[in-house]
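Protein chains in written order, with the numbering used here: chain Y, 41 to 332; chain P, 2 to 995; chain E, 183 to 343.
Take these hints with a grain of salt, some might be off.
To be verified - Cβ-to-Cβ under 7 Å is the rule here; a few derived chain P residues that face chain Y:
1. C55
2. S58
3. R119
4. E123
5. D281
6. L283
7. I536
8. K672
9. V717
10. T736
11. N794
12. W797
13. V948
As the list claims (entries may be wrong) - Sample of chain P residues at the chain E side, in silico, Cβ under 7 Å:
14. P17
15. L25
16. T26
17. A29
18. Y133
19. P196
20. R282
21. Y701
22. A705
23. C734
24. V740
Derived from the structure by calculation, the hints contain no laboratory data. Since we're looking at a predicted model, the values are computed, not measured. Here a beta-carbon is modelled for each residue, glycine too, at the ideal position from N, C-alpha and C.
This is what each chain is made of:
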Amino acid sequence: MKPVAFEYCRPDTVDEAMELLAEFGGDANVISGGLSLGAMLNMRLVRPTALIDINRLHELADIKIDDATAMTGALVRQAAALKLPGVMSGVPLLAKVLPWVGHYQTRSRGTLGGSAAHADPSAEIPLTLVTLGGAVRLRSPGGSRDVPAQDFFHGLLTTDRRADELITDLIWPLRRDKTGYAFEEIAQRHGDFAIVAVAAEATVGNDGNIADLSFGLGGVEDRPLVADTASYIGKPATMATAEEIAATVAEAVDPMVDLQANADYRRQLVRVLGARVVSSAFADATHSREAA
Amino acid sequence: MLETETAERWIGARYPRKEDAALLTGNARFIDDLEPVAGIRHSAILRSDHAHACIVSIDTSKAAALPGVHGVVTGAAVADTIAPIPSAVRVPIKFYPIAIDKVRYVGEPVAVVVAEDRYIAEDAIELIDVVYEPLSATADPKIAMSENALLLHDDVGSNVVHHRTFRYGDPEAAFERADRVVKLDWRYPRYSSTPMETYGLIANFERQPDRYTLWSNFQGPFILHALMTGALGVPGNRLRLITAPHSGGSFGIKQAMFPYMVLLAACSRVLGCPVKWIEDRLEHLTGSSTAADRADSVEAAFAEDGELLGLKFDNVVNVGAFVRAPEPASVYRMHSASNGCYRVKNIAVENRLVVTNTTPIGLNRGYGGPQFYYALERVMEAGAKELGVDPAEIRRRNFIQPDEFPYKAPAGATYDSGDYEAGLNQAMELAAYDDLKAARENARSDGKLFGIGMAAGIEPSGSNMAYVTLAQTPEERAKAGGRSGGLGTATVSVDPSGSVTVKTVSTPAGQGHQTVAAQVVADALGLRPDQVDVITEVDTLTSAWSLASGNYANRFSSVVIGAVADAADKVAKKIKLIAAENLEVAPEDVELVGGNAQVVGVPEKALPVRRVAAQTHWHPAGLPDQMEPGLFETTIMNPEMLDAPDEQDRVASAVTFGYVFDLAAVEIDRKTGEIEIVKYVSVHDVGNVLNEIVVEGQIYGGFAHGLGGALLEELVYDAGANPQSGTFADYLCITAPEVPELTIGHFNTPSPHNTLGAKGMGDGSSMLAPIAIANAAADALGTFDIELPLTLNKNWAAANGLPYARAGSAKAKVGGGPREADNFEGGLTGDGSVELSAPPEEVWKLLLDPDTLAAVVPGCEELNQVGEDSFTAEVTIGVAGIKGVYSAEINLRDKIDAQSLRLVGKASGALGFGQGEGNVTLEAAGDSRTRLNYSYRANVGGKVAAVGQRMLGTVTKLLIGQFFRGFDRRLKSSGAGQTSRKGFFGRLFGGRDA
Amino acid sequence: MLRIKSDQKQRVTLTVNDKTVSGFAQPRLLLTDFLRHELGLYGTHVGCEHGVCGACTIIIDDVATRSCLRYAVQCDGMKLRTVEGLEDVDGTLNALQKAFNENGALQCGFCTAGILMSATKFLQENPKPNRDEVRDMLSGHICRCTGYEQIVRAILQASGQ
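Turn these sequences into a full structure, and let the hints guide you.
See the structure below:
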């Protein structure tokens, strides 16, 4: 299990990385943590002409927090993000999710940007970004563009990134008032990619009704999804509503099938975990409203 | 308490292992750490990605021309160099370690590249061009047994390659007089203990005289040495096997590397250089060895009072594509103990071995035990349910009683000692069984799924090499000549400096042989274990080995340690004789204590043992009369009870019979299928404990293996016999968070068959945990119709009465009948329709237009029309950076103008292959529009199926989308066009429709 | 910017266990192969080469990580710790190694080096972990011999608990 021969390119600046991407296009792979890409390289599933190692682009390890968003550089390691108070308090859903990502020995090296670039449909970081309505910042020689997370993930391992683009940052909306967050997943083993992962961000008004709701699903279809819950805005933020939402969404999805689970079971997990997560997001929101 | 400094007696002490320091500091050497000979080159094996196919041609020229490549060896060259490897069953199958003209399972070697390094070797195997003619394939023994199944080995005339029936007592009468008969049908999954270190070896052929040396992590048994010399055509002393000082786990799996040893030996001979091969994990998961999967049934006859009157076992073993020695032993290892722990006398057994297009099976922890107990201990539980008796009680009523030992089992085993009820009682106590039952009632009244299950088993250890010959009829055995025994050997030597060295020829892979042997010898010689060095590796030219040597069937603590003790006693005796003469006392008055030979009761009258030892080397003339100089003793021990099978097919299959009783309580979440092991108790009788740390380690380790088999681990094949569990992300080994708390109980009935009173004990709960947990799950779910592993999806389905089969698996439902072998069934299927804004005639024309196809088939670089309705294409498909070049053939069949056609095609490339067919119909949809309906089914194999199974769905969708976008543009440019997302060409490149 | 052609052998210099060492590597040479076959540091083992089993875990620039998913050329100039550097300065087993020995936390020992390196880093970051935290950390390792229980005990013992 050894990779194909490739040229090794280690840019010192993002501009140099741009040059390399322009030169190799789709024939190069960008490596950050390499936790997924390394395995695919070793198995020769991926056969690049060149490997562009961005690990020394220190500018991509920056974190910027403004009034509305936290911007995490693509190279921020998952374990490092967990230790950043600003990110953890500003993006509570990410704080809940990160301990579920891989293992101690992979979070130490795996990056936030790498997880987004890899786009595994079960991965927690893309799900979180989609649920929160975040975005991915891409840079090409022509400049930067921000792609809403919902448009970024196209399918299993496929994204909106063009061959000449580099993910430079993930953009996370900061926590909002009266808003609660919850996450849960089921995997066959601890640390495995989830069979189904669900995340929710819910805002509950003073009247106890749903003011806003984002209900995200991972591992169900070939990309992380946000369910359409518009018709539930204004409904009471109760367990019964949560169950109804989850049941409706479970019927609407078109789940994938793999060795771990068939479509019916994935639907069932959407129902069960969905109800739990949406209702606990309600509870968290209510708690946050009362605390405020 | 650890005992490292002083102990009255080292055996039985909690003495930390001698092996550990080297392993903990990176100083231990494994096979891939050795460079025993200069000029080693590195190999990679091209393996079949087809489950069953004729090899039409192999072109190695491009691979051979790659710089850095030393040579390429194919099956033809191997067949010119060696003979087929002999088998334990007499069937006309030529078993070579590499495919000659046919491949019979995915992972079967097809060619070997030898190069400067492994990287280049892997580059080169991609350049070998093999043309296959695929054949129908199956991984399911029930399908392979069916009448119209394609034969794997034509000369055998059947896929059932071994069939024997056995009767002990009068089973028919027992079933006749039974009050209740309980029957279970089931499948047992295929899994493997997957040692963390894979196979590894270095093969070197030298001339003048012709001889082979093989360094490896092979575990034995060395009876396989005879098979290897048979294949290589050399006398025994011209095949030198040397094992690495350390082996990274085996659990039986490293027994089955011997065909690879033969293969690489042949390559070394053909290419004239030493060749190293280190198996990688992907190879290991498809090409090494596994435990047997089974499609069995069992019937038990009970009297109303719970007495077990008779048993009928119908065993169908999926042996894989070849009967690799020592198979069919997996179904015979437990055979002579077919009564388990019970007094039942009437037993019928029918054994069938079936070849399928899967990896050959072999030794795996518990060898045959989990499958056997899955029958016996579930049917006991089912009997208890049927009779309304507590499952503990029904076992009590049938256990062999303590005063019946040694117990002669109906099929020939002699159980040495035991107290099965005592073990059960201890487990009941540790589990607080009554409280557990109360908890079950409470849980059930809350609507929860809570179950309790148990399993009792004996653990045969120290195998009789002759039990394998049960595969032959008594007449065949008589003709072949007698077979019996299970020799254990050990050497204890003291060099002129007084250093003590023990050689055990026991090839451990983590079982602590060095420590335990040192404890035994330290006791005998009055030393500390750290003063005794133990060499466990083997060199067949210099070690005292025999057919049974090696590490399997728990033979170390049942047999080998007896040989160690015996050799140490001989050395001790000699030291005492010499010391007695020097000290002028009788030998009986000398004891060996604290490094001295001293007079009993007069410790100041003493000689250092090392001085006595030195005398045997430096001053032989000064030794007592008639005494041989030097201080070396080798014991070759044959446990006397290991006789040949008799005419009634009874054989004493093993030396010691340990005992395990396991109890599990589980709760299954009806909504999610999550299973929680609320309680797990395991009680063991291992005879006298030799080292508590080692024994405990084996118990915890065996439990984890059993747990894996119960909950997670399965090597899944699809209906086309394509393996689906190709990586450690697909084959799910148990990890720390899944292991529940284990409560261990011990009691000892010392074995009279072993001087130390010890019994073998390495299998333990690896045999029983799958059954105890299955019984608990069955109790929770209210049905015995369950199948391991108890994955979340399956648990949820069973809890809710839904169809019950592993997602993605090709296996028939539990209890389902045989099905037609079908290349496509269980593969990828899908259908859909598209509305196009052009009339059917126009769509038809465009569909059949080669230029259009060339333009719209995704990644099509070249499309040639090779017949009226036949095309070939070169296609590059790159999805998610996974890019491959594929050669495709497309044939159009059953064309009805502007109405329908059938497409049959196949494609292959470096990442795998696909074959499939699609049906397309066109309907006028009014207003110059056409509805195009399609359906397809396809079979995808090769690397992408084994390791990228999850990707296929997305790839299909993307390709179909690309195709129709292209078709759309084409239609538009010819004046019309409306498309949807789905199409049919994607099936050529594989895809599971979501 | 550094560029190394696919067939070019580049000198790679590392600090391993406080010693500066170097060897040659083509871009695709795995760090595991470089450590083992170029530097002769055989204590780091290879169990799967796809980042799942954890046997190859070492500490690179103060981070416990899979070495089979790294290429040697990526690590030029970095500081590595491997199992060969764990012993106390006097050449005796350190507290973690001793705890493994005393608890029977290894059998074949093939996965052990990786677990020791993970646990070493883990205990620096979390000196008094509870049982579940240890089990969670161990989920990134596969051990087929021990059933994990004794490993958990050993790590807890090494943490002074």
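So, going through the hints one by one against the coordinates:
At its closest, the beta carbon of C55 (chain P) sits 26 Å from a beta carbon of chain Y; the interface hint therefore is violated under the 7 Å criterion. For S58 (chain P), the interface hint is violated, since its Cβ never comes within 7 Å of a Cβ in chain Y; the closest pair sits about 24 Å apart. With its C-beta approaching chain Y no nearer than about 6 Å, R119 (chain P) sits inside the 7 Å limit, and its interface hint holds. Hint on E123 (chain P) holds. Least Cβ distance to chain Y is approximately 5 Å, under the 7 Å limit.
For D281 (chain P), the shortest C-beta to C-beta distance to chain Y is roughly 4 Å, which falls under 7 Å, so the interface hint holds. With 7 Å as the threshold, the beta carbon of L283 (chain P) comes within range of chain Y, its nearest partner Cβ sitting at about 6 Å, so the hint holds. At about 33 Å, the closest approach between the beta carbon of I536 (chain P) and any beta carbon in chain Y exceeds 7 Å, and the interface hint on this residue is violated. Given hint, K672 (chain P) at the interface with chain Y, holds; its Cβ is 5 Å from that chain's nearest Cβ, closer than 7 Å.
Against a cut-off of 7 Å between C-beta atoms, the interface hint on V717 (chain P) holds, since the closest Cβ of chain Y lies about 6 Å away. Against a cut-off of 7 Å between C-beta atoms, the interface hint on T736 (chain P) holds, since the closest Cβ of chain Y lies about 6 Å away. Below 7 Å, beta-carbon pairs count as interface contacts, and N794 (chain P) has one with chain Y at about 4 Å; its hint therefore holds. For the restraint placing W797 (chain P) at the interface with chain Y, the shortest Cβ-Cβ distance is roughly 6 Å, inside the 7 Å limit, so the hint holds.
Interface hint status for V948 (chain P): upheld, as the beta-carbon distance to the closest one in chain Y is roughly 6 Å, under 7 Å. The beta carbon of P17 (chain P) comes within 5 Å of a beta carbon in chain E, closer than 7 Å, and the hint placing it at the interface holds. About 4 Å separates the beta-carbon of L25 (chain P) from the nearest beta-carbon of chain E, less than 7 Å, and the hint is met. Contact between T26 (chain P) and chain E, as hinted, is supported at the beta carbon level, the nearest pair being about 6 Å apart and thus within 7 Å.
Nearest Cβ of chain E to the Cβ of A29 (chain P): about 6 Å, under the 7 Å cut. The hint holds. Annotation: Y133 (chain P) was flagged as interfacial toward chain E, and the flag is violated, the nearest CB pair being 27 Å apart, outside 7 Å. Taking 7 Å as the C-beta contact cut-off toward chain E, the hint placing P196 (chain P) at the interface holds, the least distance being around 6 Å. A hinted interface residue such as R282 (chain P) counts as satisfied when its beta carbon comes closer than 7 Å to some beta carbon of chain E; here the least separation is about 4 Å, so the hint holds.
Of the supplied interface hints, the one on Y701 (chain P) holds, with its beta-carbon coming within about 4 Å of a beta-carbon of chain E, less than 7 Å. Proximity of A705 (chain P) to chain E holds as hinted, the smallest CB-CB distance being about 3 Å (cut-off 7 Å). Below 7 Å, beta-carbon pairs count as interface contacts, and C734 (chain P) has one with chain E at about 5 Å; its hint therefore holds. Hint on V740 (chain P) holds. Least Cβ distance to chain E is approximately 5 Å, under the 7 Å limit.
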